[in-house]
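Participant: The task is simple: from the sequences and hints, build the whole structure.
All residue numbers for the sequence shown refer to the numbering used here, where the first residue is 1 and numbers rise by one.
Since the hints were made in silico from the structure, they are not lab data. Ideal Cβ positions, reconstructed from N, Cα and C, are used throughout, including at glycine. Careful, some of the hints might be misleading.
[What the hints assert, rightly or not] Distance ranges between label pairs, derived from CB positions:
hint, residue 1, residue 2, range
1, 250, 109, 22 to 32 angstroms
2, 8, 344, 19 to 29 angstroms
3, 152, 131, 43 to 53 angstroms
4, 337, 5, 19 to 29 angstroms
5, 126, 8, 27 to 37 angstroms
6, 280, 108, 12 to 22 angstroms
7, 152, 109, 37 to 47 angstroms
8, 119, 339, 24 to 34 angstroms
[As the list claims (entries may be wrong)] Here are the simulated lysine to any residue pairs, SDA-like style, with alpha carbons at most 20 angstroms apart:
hint, residue 1, residue 2
9, 347, 102
10, 343, 112
11, 146, 45
12, 343, 255
13, 347, 146
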Amino acid sequence: MSFSLPADPPRSRSLTGVVPQMSAALDGLSDWFAPARSAVVFVIDGLGSHNLAARAGHARFLAQAGGRRDVARSVFPSTTASALTSLLTGTLPGEHGIVGYRARIPGTDAVLNQLRGWDTDGLPLDWQRAQPLSTSLGRPFFVVSKREYVGTGFTAATQAGAEFVGADDLAERVTTAAHLAARHPGALVYLYAPELDGVGHRHGCESDEWVAMLERVDAAARAFSQALAPGTGAVITADHGMVDIPRHRQVLLGEGDALLEGVRLIGGEPRMLHLYAEEGEAAAVLAAWRETEASRSWVLSRDELVDSGVMGPVAPAVRERIGDVVVAARAGIVYYDDRVADKAPQKMVGQHGSFSTEERIVPLLRLGAFA
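Facilitator: What follows is the structure in structure tokens.
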């Protein structure tokens, strides 16, 4: 089966190329960026290009920064664990193996969280299969992020060898990153801001709360730009965008639901499911979901997804982490397994993970020496 995806903007760049190109710019060899003495990549979690354009009046610095209207293409699935790993390794999910928010450990019934499973469920560090750019590029690498991420498994798996500087206040974080870049010629700095994403999940990206946080982030981005020393190049980007899904658009899968027949385990996240079938039931599960859901979701077999190339070349060790059937929402819906006792995730408004341009296309704003 062939399937068509939303067309990428003509000036879009792959998120996997951002850090390697920034590193190349420090040697005057980048195809994307002008030469620089040091560089900072500022990741605003959850800020899609569509989200920014829709609220440009509340983010005037970000809406006008950098002049050029370049954007980046995030990965599939368009979720934090997969996208940040791709940014920080320069590889696609089919290579690094972080194929979604939750994924099955092949040969088991364990479906583990790919952001926190390292700490809660004993995921080994080599579950993330690619070498982090923080070790492979051969230059000083700093991470400026919230203190809660110091020493976590995800940090170790994706930012090995980097010097971590913790700061809980966003304003402190941006000035710290700018000053580190100024003091360490030849260094790369990864600056991470998760605040907007958290508010978006709780309240939605069309809420007053999200707009208020966007204004805070915009002010921090302006202060960051002003703090950059001459010769420092910076890029502001994101891991994914976000769409709001109201509660009445939730598809709740309950006991006896025909769509659950033959499904052993469910992974992924609400807008991008990995369905792991019972032995011998994959074809039946695919047919049932395709018959019912194809009008509002992309419904693909594992082979179809792998052959499409959207996850890049898929390593043999990664293949079985992908569901026998993958369901990626096309319409404004989400899927929840309503049989689980914990209903808290159903309170989430802002969502992401699928193929839509709203979820997958993110800003690529150039500051300082890169402007």
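Participant: Next step is simple, just say for each hint if it's right about the structure.
Facilitator: Each hint, compared with the structure:
no.	hint	in the structure
1	250 with 109: 22 to 32 angstroms	holds (25 angstroms)
2	8 with 344: 19 to 29 angstroms	violated (35 angstroms)
3	152 with 131: 43 to 53 angstroms	violated (19 angstroms)
4	337 with 5: 19 to 29 angstroms	holds (26 angstroms)
5	126 with 8: 27 to 37 angstroms	holds (32 angstroms)
6	280 with 108: 12 to 22 angstroms	holds (18 angstroms)
7	152 with 109: 37 to 47 angstroms	violated (25 angstroms)
8	119 with 339: 24 to 34 angstroms	holds (26 angstroms)
9	347 with 102	holds (18 angstroms)
10	343 with 112	holds (18 angstroms)
11	146 with 45	holds (13 angstroms)
12	343 with 255	holds (15 angstroms)
13	347 with 146	violated (25 angstroms)
Hint check: violations occur at hints 2, 3, 7, 13; the rest are consistent with the structure.
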